Amino acid sequence: MATTTGVLARPTSYSGVWSWLTTVDHKRIGVLYGATAFIFLLIAGLEAGVLRAQLARPNSTIVDGQTFNAMFTMHATTMIFMAIMPMSVAFFNFVVPLAIGARDVAFPRLNAFSYWVFLFGALLMHTSFLVGQIPDAGWFSYANLTSRTFSPEAGLDFWAIGLLVMGASSVAGALNFTVTIINMRAPGMSLWRMPVFIWMTLLTSILLVLAFPVITVGLIELTMDRNFGTNFFNTSAGGDPVLWQHLFWVFGHPEVYILILPAMGIVSEILPTFSKKPLFGYPVVIFSGIVIAIMGWAVWSHHMFTVGLGPVANSVFTITTMLIAVPTGVKIFNWIGTMWGGSLEFKTPMLFAIGFIALFIVGGLSGVSHAVSPSDFQQQDTYYIVAHIHYVLFGGSIFGIFAGIYYWFPKLTNRMLGEGLGKWHFWLMFIGMNITFFPMHFAGLDGMPRRIYTYPVGYGWEVYNLLSSLGYVLLFVGFVMFVHNIFHSLKKGQVAGHDPWDAPTLEWSISSPPPEYNFAEIPHVRGLDHYWIVKREARAAGQPVPGPEPHAAPGSVHMPSPSYWPLVTAFGVVWIGGGMLIDVGWDYIKFPISFVGGLIAFIGVVGWANEPASAPDAHHGGHEAGHGAAH
Amino acid sequence: MAHAETAHHAEATTTGLNHRKLLMWIFLGSDCMLFGALIATYMVYRGQSIVGPYPVDILNIPVTTISTFVLLCSSFAMVQALAATNRNNQRGIKIWLLATALLGFTFLGFQVYEFYTFSVVEGLFIGTNLFGSTFFTLTGFHGAHVTLGVVWLVSLFIVAFKGRLGPSTALDVELAGLYWHFVDIVWIVIFTLVYLIGGYDAGPVAAGVLTGPIPSVLPV
Ligand SMILES: [Cu+2]
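Just so you know, the protein sequences line up as chains V and F, in that order. Heads up, the first sequence is in this note's numbering, so the first residue is 1 and it goes up one at a time. Heads up, the second sequence is in this note's numbering, so the first residue is 1001 and it goes up one at a time.
Read the hints as simulated data drawn from the structure, not as lab findings. Just so you know, these numbers come straight off a predicted model, no measurement behind them. The beta carbon of each residue, even a glycine, is placed where N, CA and C say it ideally should be. Possibly wrong hints are sitting among the right ones.
Here's a subset of chain V near chain F, in silico, CB distances under 7 Å, partners left out [what the hints assert, rightly or not]:
{"id": "1", "residue": "Leu175"}
{"id": "2", "residue": "Thr178"}
{"id": "3", "residue": "Asn183"}
{"id": "4", "residue": "Asn227"}
{"id": "5", "residue": "Phe232"}
{"id": "6", "residue": "Val463"}
{"id": "7", "residue": "Leu467"}
{"id": "8", "residue": "Ser469"}
{"id": "9", "residue": "Leu470"}
Chain V residues, not near chain F, derived (Cβ > 12 Å throughout) [what the hints assert, rightly or not]:
{"id": "10", "residue": "Ala35"}
{"id": "11", "residue": "Ala174"}
{"id": "12", "residue": "Phe212"}
{"id": "13", "residue": "Tyr459"}
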């Protein structure tokens, strides 16, 4: 059966390149997401380097305005859609099934499909560099700068279609994780026994599923305006550029929570572990997350206070925005309460988690200051906003992600990341981050607009900018140390064992790296912090703490088989988008070329639908996915 | 749970809901937001076109009422197809699936006719004015959804012809039905807003949206 559904025999190998191309194992897909996103993080970081080099001194001519525009546009777009989001998805993939006691996600092939669409979509957007027409209208690409008249080159088509493609990937992934978390929890794991990270993943996924269609419509309207002569944002035909702003920010504000909630989840796992006491006020943290996810839909116009929506709209959105700061503040008190009176262990994950809290407080406070619309009139489009967004997304999301990498790396590889290098990394990042971004508050309040590619002497912005650029150097060194730490620890790191942190959640009860099937026997969850309960009882009874769960007999656990159909389908889907970008001087060639992509995707879907999830004749169990991941 | 994707297994899930059914429901929620944004765009630009043709000039409400009725009938046929699948009525499965697909196809035929008369005959193209842009985009996206649904139904019909549909595979039909009914409901909303309520819209002045003369910055 399995061999008759495709041209090629169904892949059965679990090592080598082919095994990575056809994998449906959530842990391997998590590694693919993480590695890809990290490369894009470095690219975006280098783009920021160009910006900081140019702005270090006044009247600088290192790059021209056009290059500067392209660099800040791609820096932000890459950071948000190709680094932080997929990095969070890497954690969803690796951690969620392990922490809810499942053997995989609900739809393993859909999961692989999401990754390949993301990868191809990101590459598609970056081909704009090859043709020298790089997106250059900012990460929110306001109309009508984006019209053909003002942006005649193809850069914005690459931007819009690249984002459409990656949006499809995000929605597919989010659907998968929503179903997985709702439907695949181990027996005994009620909603109120789910680790906070799982809760935040669920909320993030729901936000993704509902927010992305809105930006999809905006991007489609933009693409049609640019390519098919529609009038959505064409003022001369009565179109309204403010519609783009509404569509963008109705998506854009929930997107902010899509970027930060996973990091909040990670931090909520790490703080209790390294404080040796349960999370303070677990239900309150969860409720705060739910409130944020709901209220996040009612604040979008705080990005538009200076557009002229009128006093009523500005007042309403001021109030809702100040209200949403309440559940966020509540979480911060919960985290502090968790550490209060705990026996704190300042390992690297904990340092990054505490750094997250400190920096997020600064970002949250500046956020409240531009929630007040009269105050925002002063801050709109200045470096004050740039400072704010980097405190919440760099100090927040990226610090949370690094905390998570240090925390779960031992589970993935059975090696510890070096503590010494880790501490250097943390302090360089923490100090570098503050030197880079704190002066931006002052530059902004002194009137420095964002997005300018150079500035004259005499406005008093020189010192702030020089400091920011010097801070970048520290961040750069910090990143180099981190990369070195990863490669060094993979080979020579201290062996971690299954539970190096004495952690409370299920994933630490199995061996490191986890076997392909995760759990030989699906655990029965006895409460929040299940593994702590188990260990505490063993200690109380004077027994040794149980070791990792023994591996299953080879072949005894039936797992989904590898498949190449997700790769084929993803390739077809992205080709549809790529076809729309073909420019050979004759527009109608786009349709047949896109149609070929549609055909490939259709063949992929048919092959996929006719292929059983697990090949009946395949050998199962016994091989360990983590080995491939680690070495 | 290792058989996550295997449709024909009775699987234990935390909630008791089937994975694929849950996925479909959440996806429909997502699709609601897509149509919500498209419809919002249409409503924001209602009566804002500077040049004609306007809805009042070209919308043919009687004809579209017929095509709406056809689509409603297809939802009835879909219900029958699922009922026949659950009763293992092999002849009924094929007849009702084919009927659903054909009715959907007829609806698409009406849409092609509508697009053709609006554009070639009446001169409303996608770039003519805001009405053209919003109308063709909104109804075009709905038409694309119907087309996908017809392809899905025809695929099911082929499976049914091989005798592979029955009570144990009723979920395959049910999922297509969920999608089909959703697309149908979206059309009811579009028909109400665009045709029944907005069908008499004219230009900006007549609709009372702009009072006074059209600002002179706009090209005449
Ligand atoms: Cu916002």
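Checked hints:
Taking 7 Å as the C-beta contact cut-off toward chain F, the hint placing Leu175 (chain V) at the interface holds, the least distance being around 6 Å. Among the interface hints, the one on Thr178 (chain V) holds; its C-beta lies about 5 Å from the nearest C-beta in chain F, closer than the 7 Å criterion. Interface hint status for Asn183 (chain V): upheld, as the beta-carbon distance to the closest one in chain F is roughly 4 Å, under 7 Å. Taking 7 Å as the C-beta contact cut-off toward chain F, the hint placing Asn227 (chain V) at the interface is violated, the least distance being around 11 Å.
Look at Phe232 (chain V): its Cβ gets to within about 6 Å of chain F, closer than 7 Å, so that hint holds up. The interface hint given for Val463 (chain V) is violated, since its Cβ lies 44 Å from the closest Cβ of chain F, which is over the 7 Å cut-off. A hinted interface residue such as Leu467 (chain V) counts as satisfied when its beta carbon comes closer than 7 Å to some beta carbon of chain F; here the least separation is about 42 Å, so the hint is violated. Interface hint at Ser469 (chain V): violated, since its Cβ lies 41 Å from the closest Cβ of chain F, which is beyond the 7 Å cut-off.
The interface hint given for Leu470 (chain V) is broken, as the beta carbon of that residue sits about 44 Å from the closest beta carbon of chain F, more than 7 Å. With a minimum CB-CB distance of about 25 Å to chain F, Ala35 (chain V) clears the 12 Å threshold, and the non-interface call stands. With a least CB separation of 9 Å from chain F, Ala174 (chain V) falls inside the 12 Å interface cut-off, contrary to its annotation. Residue-level check failed: Phe212 (chain V) sits 7 Å from the nearest beta carbon of chain F, not beyond 12 Å.
For Tyr459 (chain V), the shortest C-beta to C-beta distance to chain F comes to about 34 Å, beyond the 12 Å cut-off, and the non-interface label holds.
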